[in-house]
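S.K.: Read top to bottom, the protein sequences are chains W and A.
For the first sequence, position 14 (counting from the first letter as 1) is numbered 14 according to the numbering used here, and the numbering increases by one without interruption.
For the second sequence, position 214 (counting from the first letter as 1) is numbered 214 according to the numbering used here, and the numbering increases by one without interruption.
Honestly, the hints are just simulated from the structure, not real lab data.
Hints should not be assumed to be uniformly reliable.
As the list claims (entries may be wrong) - Calculated pairs, BS3-like style, for lysine-lysine (alpha carbon to alpha carbon, straight line, at most 25 Å):
#1 LYS161(A) x LYS172(A)
#2 LYS75(A) x LYS43(A)
#3 LYS75(A) x LYS124(W)
#4 LYS124(W) x LYS161(A)
#5 LYS134(A) x LYS165(W)
#6 LYS124(W) x LYS186(A)
#7 LYS124(W) x LYS134(A)
#8 LYS172(A) x LYS121(W)
#9 LYS161(A) x LYS186(A)
#10 LYS148(W) x LYS121(W)
#11 LYS48(A) x LYS161(A)
#12 LYS186(A) x LYS48(A)
Claimed, not checked - Selected chain W positions facing chain A (in silico; Cβ < 8 Å):
#13 ASN48
#14 ALA64
#15 THR159
#16 LEU160
#17 PRO161
#18 ARG188
The C-beta atom is built at its ideal place from N, Cα and C for all residues, glycine as well.
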Amino acid sequence: MALTREQLAQRVAQEFKDGYYVNLGIGIPTLAANYIPDDMQVMLQSENGLLGMGAFPLDEEVDADLINAGKQTVTMVPGASIFSSAESFAMIRGGHVDLTVLGAFEVDCQGNIASYMIPGKLIKGMGGAMDLVAGADNIIVTMTHASKSGASKLLAECTLPLTGKGCIKRVLTDLALMDIADGKFILRERAPGVTVEEIAKLTGGELVIPDNVPEMTF
Amino acid sequence: MSGFDKVVTSYEEALEGLEDNMTIIAGGFGLCGIPENLIKEIKRRGTKGLTIASNNAGVDGKGLGILLEDQQIKKMIASYVGENALFEAQMMSGELEVELTPQGTLAEKMRAGGAGIPAFFTATGYGTPVGEGKEVREFDGRNYILEEALYGDFSIAKAWKADRYGNLMFRKTARNFNPMAITAGKISVVEVEEIVEVGQLDPDEIHLPGIYVNRLIQGTFEKTIEQRTVRSA
Numbered sequence: 001m002a003l004t005r006e007q008l009a010q011r012v013a014q015e016f017k018d019g020y021y022v023n024l025g026i027g028i029p030t031l032a033a034n035y036i037p038d039d040m041q042v043m044l045q046s047e048n049g050l051l052g053m054g055a056f057p058l059d060e061e062v063d064a065d066l067i068n069a070g071k072q073t074v075t076m077v078p079g080a081s082i083f084s085s086a087e088s089f090a091m092i093r094g095g096h097v098d099l100t101v102l103g104a105f106e107v108d109c110q111g112n113i114a115s116y117m118i119p120g121k122l123i124k125g126m127g128g129a130m131d132l133v134a135g136a137d138n139i140i141v142t143m144t145h146a147s148k149s150g151a152s153k154l155l156a157e158c159t160l161p162l163t164g165k166g167c168i169k170r171v172l173t174d175l176a177l178m179d180i181a182d183g184k185f186i187l188r189e190r191a192p193g194v195t196v197e198e199i200a201k202l203t204g205g206e207l208v209i210p211d212n213v214p215e216m217t218f
Numbered sequence: 001m002s003g004f005d006k007v008v009t010s011y012e013e014a015l016e017g018l019e020d021n022m023t024i025i026a027g028g029f030g031l032c033g034i035p036e037n038l039i040k041e042i043k044r045r046g047t048k049g050l051t052i053a054s055n056n057a058g059v060d061g062k063g064l065g066i067l068l069e070d071q072q073i074k075k076m077i078a079s080y081v082g083e084n085a086l087f088e089a090q091m092m093s094g095e096l097e098v099e100l101t102p103q104g105t106l107a108e109k110m111r112a113g114g115a116g117i118p119a120f121f122t123a124t125g126y127g128t129p130v131g132e133g134k135e136v137r138e139f140d141g142r143n144y145i146l147e148e149a150l151y152g153d154f155s156i157a158k159a160w161k162a163d164r165y166g167n168l169m170f171r172k173t174a175r176n177f178n179p180m181a182i183t184a185g186k187i188s189v190v191e192v193e194e195i196v197e198v199g200q201l202d203p204d205e206i207h208l209p210g211i212y213v214n215r216l217i218q219g220t221f222e223k224t225i226e227q228r229t230v231r232s233a
């Protein structure tokens, strides 16, 4: 079975380590914050200028001056700090954020990512995604493995305009966890009940299948 | 205004000298920390042909979105322009030119503009449409593109608290692009919620020194929330 949104978020959270500063993109990456283990400290960076983002506020706590990068009202955890957008991207560009998680339309086996623009459709802009993929060393892309019609999104070469070139090393899809190295996808884990053959069939780029590909555990 | 006192008493005076076809650098992220009354004054003045650099372009009927209603914006430099139907319509028809700029690059372009740095190299955008036509240089085995600084004829911004000399404090994530936007304008205009007498702000607590501020005005703010998200107790 393909992973649910919640399972994707849970698997992302398994990549967290105690003491990590993490930037989570909009959508599934943000959900991963719900699965930070109780015995672990992770501080969430929001690129509009907040380190130490907390939960959504109670109704009476809502503050128009305190939002996340998705423009949602949020709170701050004890130990949080506030800074300008330039400072925020200095810490991203300077490689100080330990882990970045974001979504994509396509990823290819050269580590290229396309996530912000579908030509001919509405163009909304890249926001902070180009800075995040260029600045972070440790990035996980979360996405569906294939489109609803079965077209692979893990390609030999991205077809859409790129968000970043050669910067992605790890992709988590609803079917598999894969690393990218030397121009190949390397299958690391399978979603429970999904076969290696099914994954291979829906992967456009070259796929290396190790002898042992364990099922993900939650 | 005299000496270091930056306070002006009307929005009309705050934007005196703003003319058609000028470039404005604006602070704010979404509708958070936007100079909403200064934007309304630009609408009232009917200034046209503007180039505006701002992370976002407001939403329909709010923020910079209101300047689209009378086609006052010629070109928008922004990182994200969703959630705005009028913007989309004017962009698609070609009335409005849009230069999409990565968020961190935009912040740094403003910072560079205010800091006397004409251009800088960044890895952001290399190998993407953003990097097309820009100089590429390799440093330590990695490719970077040359991005130029942004300068405004005016900058408009919002802070929380100021003293009469224009020393500024921001509040929470309403800080965002405001400090850099202020530094990058030839005439920088800042509206705040409260102006206090000189000496009442602790120098260690000032986020942006008054040297960057030309005109200061106290206003009242709607502070529209774009996405009100709450948890239950």
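S.K.: Take the hints in turn and mark each one as holding or not.
M.R.: Status of the hints after comparison with the structure:
no., hint, verdict
1, LYS161(A) x LYS172(A), "holds, 12 Å"
2, LYS75(A) x LYS43(A), "holds, 16 Å"
3, LYS75(A) x LYS124(W), "holds, 15 Å"
4, LYS124(W) x LYS161(A), "violated, 33 Å"
5, LYS134(A) x LYS165(W), "holds, 16 Å"
6, LYS124(W) x LYS186(A), "violated, 30 Å"
7, LYS124(W) x LYS134(A), "holds, 22 Å"
8, LYS172(A) x LYS121(W), "violated, 35 Å"
9, LYS161(A) x LYS186(A), "holds, 22 Å"
10, LYS148(W) x LYS121(W), "holds, 18 Å"
11, LYS48(A) x LYS161(A), "violated, 31 Å"
12, LYS186(A) x LYS48(A), "holds, 19 Å"
13, ASN48, "holds, 5 Å"
14, ALA64, "holds, 4 Å"
15, THR159, "violated, 14 Å"
16, LEU160, "violated, 10 Å"
17, PRO161, "holds, 5 Å"
18, ARG188, "violated, 26 Å"
Violated hints, in rising order: 4, 6, 8, 11, 15, 16, 18; the structure is consistent with all others.
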